[in-house]
Amino acid sequence: MSKLKHLPNSNISDTETIVESAVQSHLVKKALRFNTVVLAIVVGLGCAFGLVVMTYASLALTGNSAGHYLNLLGVFLPGYKVSLTGAWIGAGWTFAFAAISSAVVFRVYARAIGMNFTQSLWFDGSMPAPTQLVIMVAPKALGLSIGLTLALQLMLSTTWLVITGRADESFHAALLANYLPFYKVSYFGAIAGSIGIFLYGFVFAYLFASVYNTLVKKLGGVKS
Amino acid sequence: MRRNDKRSTPERAPTVAFMIMTMFGRAHTFAAAGAGAIVCALAICVATLILVIKGAGPGYEVGPNLSALQLFWPGYSVSWPGAFVGALYASIIGAIGGFLVAMFWNFAHIVIVGAAMLNGDWLERGE
Numbered sequence: 001m002s003k004l005k006h007l008p009n010s011n012i013s014d015t016e017t018i019v020e021s022a023v024q025s026h027l028v029k030k031a032l033r034f035n036t037v038v039l040a041i042v043v044g045l046g047c048a049f050g051l052v053v054m055t056y057a058s059l060a061l062t063g064n065s066a067g068h069y070l071n072l073l074g075v076f077l078p079g080y081k082v083s084l085t086g087a088w089i090g091a092g093w094t095f096a097f098a099a100i101s102s103a104v105v106f107r108v109y110a111r112a113i114g115m116n117f118t119q120s121l122w123f124d125g126s127m128p129a130p131t132q133l134v135i136m137v138a139p140k141a142l143g144l145s146i147g148l149t150l151a152l153q154l155m156l157s158t159t160w161l162v163i164t165g166r167a168d169e170s171f172h173a174a175l176l177a178n179y180l181p182f183y184k185v186s187y188f189g190a191i192a193g194s195i196g197i198f199l200y201g202f203v204f205a206y207l208f209a210s211v212y213n214t215l216v217k218k219l220g221g222v223k224s
Numbered sequence: 001m002r003r004n005d006k007r008s009t010p011e012r013a014p015t016v017a018f019m020i021m022t023m024f025g026r027a028h029t030f031a032a033a034g035a036g037a038i039v040c041a042l043a044i045c046v047a048t049l050i051l052v053i054k055g056a057g058p059g060y061e062v063g064p065n066l067s068a069l070q071l072f073w074p075g076y077s078v079s080w081p082g083a084f085v086g087a088l089y090a091s092i093i094g095a096i097g098g099f100l101v102a103m104f105w106n107f108a109h110i111v112i113v114g115a116a117m118l119n120g121d122w123l124e125r126g127e
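Chains A and B, in that order, are what the protein sequence lines are.
Just so we're aligned: 39 in my numbering is position 39 of the first sequence, and the numbers increase by one with no gaps anywhere.
Just so we're aligned: 102 in my numbering is position 102 of the second sequence, and the numbers increase by one with no gaps anywhere.
FYI, nobody ran anything at the bench for these hints, they're computed from the structure.
The beta carbon of each residue, even a glycine, is placed where N, CA and C say it ideally should be.
Heads up, a few of these hints could be off.
Claimed, not checked - Coverage of chain A stretches by chain B, computed from C-beta distances (three or more under 8 Å per stretch; other residues unrestricted): (1) 40-48; (2) 62-69.
To be verified - A short list of chain A residues far from chain B (calculated; beta carbon distances all over 12 Å): (3) 52; (4) 93; (5) 159; (6) 186; (7) 188; (8) 210.
All chains, please: the whole structure from these sequences, using the hints.
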């Protein structure tokens, strides 16, 4: 296949028109769905693995007194507790929640980035295409998608605590007020906290994408 | 719309094949590791320093719950030096996390796309 080269500015509008129509195509929709599933599986497995590691580490480090904090996750992960078997029950729930969350993130990201996704690749003009294509990340779109997902998660989890009557005893959740102004375990607090956590999510995701893109350019893109 | 002259667009109109390939671009593992490290380090540093700056009432410990991280991170505490110790630990975890996510992303694409290509007509199935 011939090398990719830079497109002269005069052809950009024509290209965008073609790209726009192609975005609507059956193939691209399939690819989007495929990437959503891949990301969901990767992130779901990663988070589940992380929970198992933390649980076992907690058991190994603190023995019988393990789980002072981690056991609180049982509120959201039914059946989870800091034990050898509880870790795997929690891992199942964690996989489900993380997979759903990352799927939401990716779909919002894909929608936000829209037809600009063909610009979201990095390559050196001397590199052969397509095997050397390296994805870049759109900072604003990633910030938006992660911020919105975090806000939704906080709203749902706080509402869950209120609905199940645990609001008054959720001392640890209430500690989020240290970082999220006006947050408390209540319906109003859920909304106020969601705004705050959206901003945190946006800023950190934007930073992540910017650093990632910069490093891709600095490192040359392909030796990964 | 801002353009970067090194960002990719094909010289000719993009074919469907090119469009699909753009969806399967590789994640750069080292860049993901670097970005993960920086973001995680900054996050834990900010989280710690917010508590340090806010402080606690006389006789109370600052950030007793966040301090529980010292179980996993020896030397960490909710204090000015502890913020940087925590940032160091978080950067390692962020780097590993970023690297693994990018690596598994690439691996999943290679395996699944490869298997699907061997099977043929993967794009035609699943409707």
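Okay, the hints, checked on the actual structure:
1. A stretch counts as covered by a chain when three or more of its residues have a beta carbon under 8 Å from one of that chain; for the stretch 40-48 of chain A and chain B the count is 5, and the coverage holds.
2. Coverage of the stretch 62-69 of chain A by chain B holds in this model, with 3 residues showing a Cβ closer than 8 Å to a Cβ of that chain against a need of three.
3. Under the 12 Å C-beta cut-off, the non-interface status given to residue 52 of chain A relative to chain B holds; the minimum distance is some 14 Å.
4. The claim that residue 93 of chain A lies off the interface holds: its Cβ sits roughly 20 Å from the closest Cβ of chain B, which is beyond the 12 Å cut-off.
5. Chain B leaves residue 159 of chain A outside its interface by the beta-carbon criterion, the shortest separation being 23 Å against a cut-off of 12 Å.
6. The claim that residue 186 of chain A is not at the interface with chain B holds, since no C-beta of that chain comes within 12 Å of its own (minimum 20 Å).
7. Under the 12 Å C-beta cut-off, the non-interface status given to residue 188 of chain A relative to chain B holds; the minimum distance is some 22 Å.
8. Non-interface call for residue 210 of chain A relative to chain B: violated, since the shortest CB-CB distance, roughly 8 Å, does not exceed 12 Å.
The structure fails hint 8 only (numbered hints given earlier).
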